[in-house]
Amino acid sequence: MAWAPALFGSFDVDGWHGLVLEDLGPADVPPWTARLVRRAAHDYAAFHRANLGMRPTAVATATLWRLFTDRWPKADLSRVARLARGREDDALEWLDVAYPQLREAGPRLVRARTRRTLLHVDTRSDNLRVRRGLRLFDWNFACVGPRELDVAAFAQSITAEGGPPPERFVEAYRERLDLDDRLLRLAISAIAGLFAQRAPEPPIPGLPRLRSIQRRQLRSSLAWAARLNDLPEPRWLAAVPD
1 MAWAPALFGS
11 FDVDGWHGLV
21 LEDLGPADVP
31 PWTARLVRRA
41 AHDYAAFHRA
51 NLGMRPTAVA
61 TATLWRLFTD
71 RWPKADLSRV
81 ARLARGREDD
91 ALEWLDVAYP
101 QLREAGPRLV
111 RARTRRTLLH
121 VDTRSDNLRV
131 RRGLRLFDWN
141 FACVGPRELD
151 VAAFAQSITA
161 EGGPPPERFV
171 EAYRERLDLD
181 DRLLRLAISA
191 IAGLFAQRAP
201 EPPIPGLPRL
211 RSIQRRQLRS
221 SLAWAARLND
231 LPEPRWLAAV
241 PD
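Under the working numbering, the first residue of the sequence shown is numbered 1, with each subsequent residue one higher.
There could be a bad hint or two in this list.
[To be verified] Label-pair restraints from in silico Cβ distances: (1) 8 x 76: 37 to 47 Å; (2) 23 x 55: 30 to 40 Å; (3) 131 x 13: 28 to 38 Å; (4) 17 x 232: 43 to 53 Å; (5) 111 x 22: 37 to 47 Å.
Hints were generated in silico from the structure; no laboratory data involved. Just so you know, even glycine gets a beta-carbon here, dropped at the ideal spot from N, CA and C.
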């Protein structure tokens, strides 16, 4: 069994680069069930545990994950608020209050001292299989860093796809490997900044679903960040469309 899908060829069309890969069968998720969330969390914890203490390499650097931690200062809060159709004023008021706390999360996560492990950073339903038979694909952010960042990014994406709240993933993960509450709070706050920056941007030709996915992840990540930071509930997120 190969470690990655077979590559049958490649092509270029109008500036896009395509790969023809082996078909690995139908998607496992979504829908996300409680059983699948628990299994994915256990496997994710096993992956992180197996690589605890890993040192950076030429491929898995120690700094690549920081690209995801500095996005709040780059987000235009007025544009984020305009996503909440009909509740723009509520959104802007909430963001003005929460922004100072959320903005500091990324830099604090970068400064935190913790035992590093190998990270994927971009784990989600379209690049994983919850079944036997390992395959590696779509891993362009391989790096060494805090596992809480991986957990935060993956857990909120499950919720964004209609799965259980992220706390359920965290609970199952902790059955196999512990997490630092403070680092998890900083991580999801930083991840929310990524979607606050990206979700309001104009659509990208050729990727018509991207902004919709990012708006859903803004809702799930920012709501979770609010809970972990004891911020008022961002009810205006309900007005942000898919």
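How the hints compare with the structure:
1. 8 x 76: 37 to 47 Å: Cβ of residue 8 to Cβ of residue 76: about 42 Å, so the range 37 to 47 Å holds.
2. 23 x 55: 30 to 40 Å: Taking Cβ atoms as reference, residue 23 and residue 55 lie about 36 Å apart, which means the hint holds.
3. 131 x 13: 28 to 38 Å: holds (32 Å)
4. 17 x 232: 43 to 53 Å: Holds: the Cβ-Cβ distance is about 45 Å, inside 43 to 53 Å.
5. 111 x 22: 37 to 47 Å: holds (42 Å)
Figure legend: structure checked against the earlier numbered hints; every hint is met.
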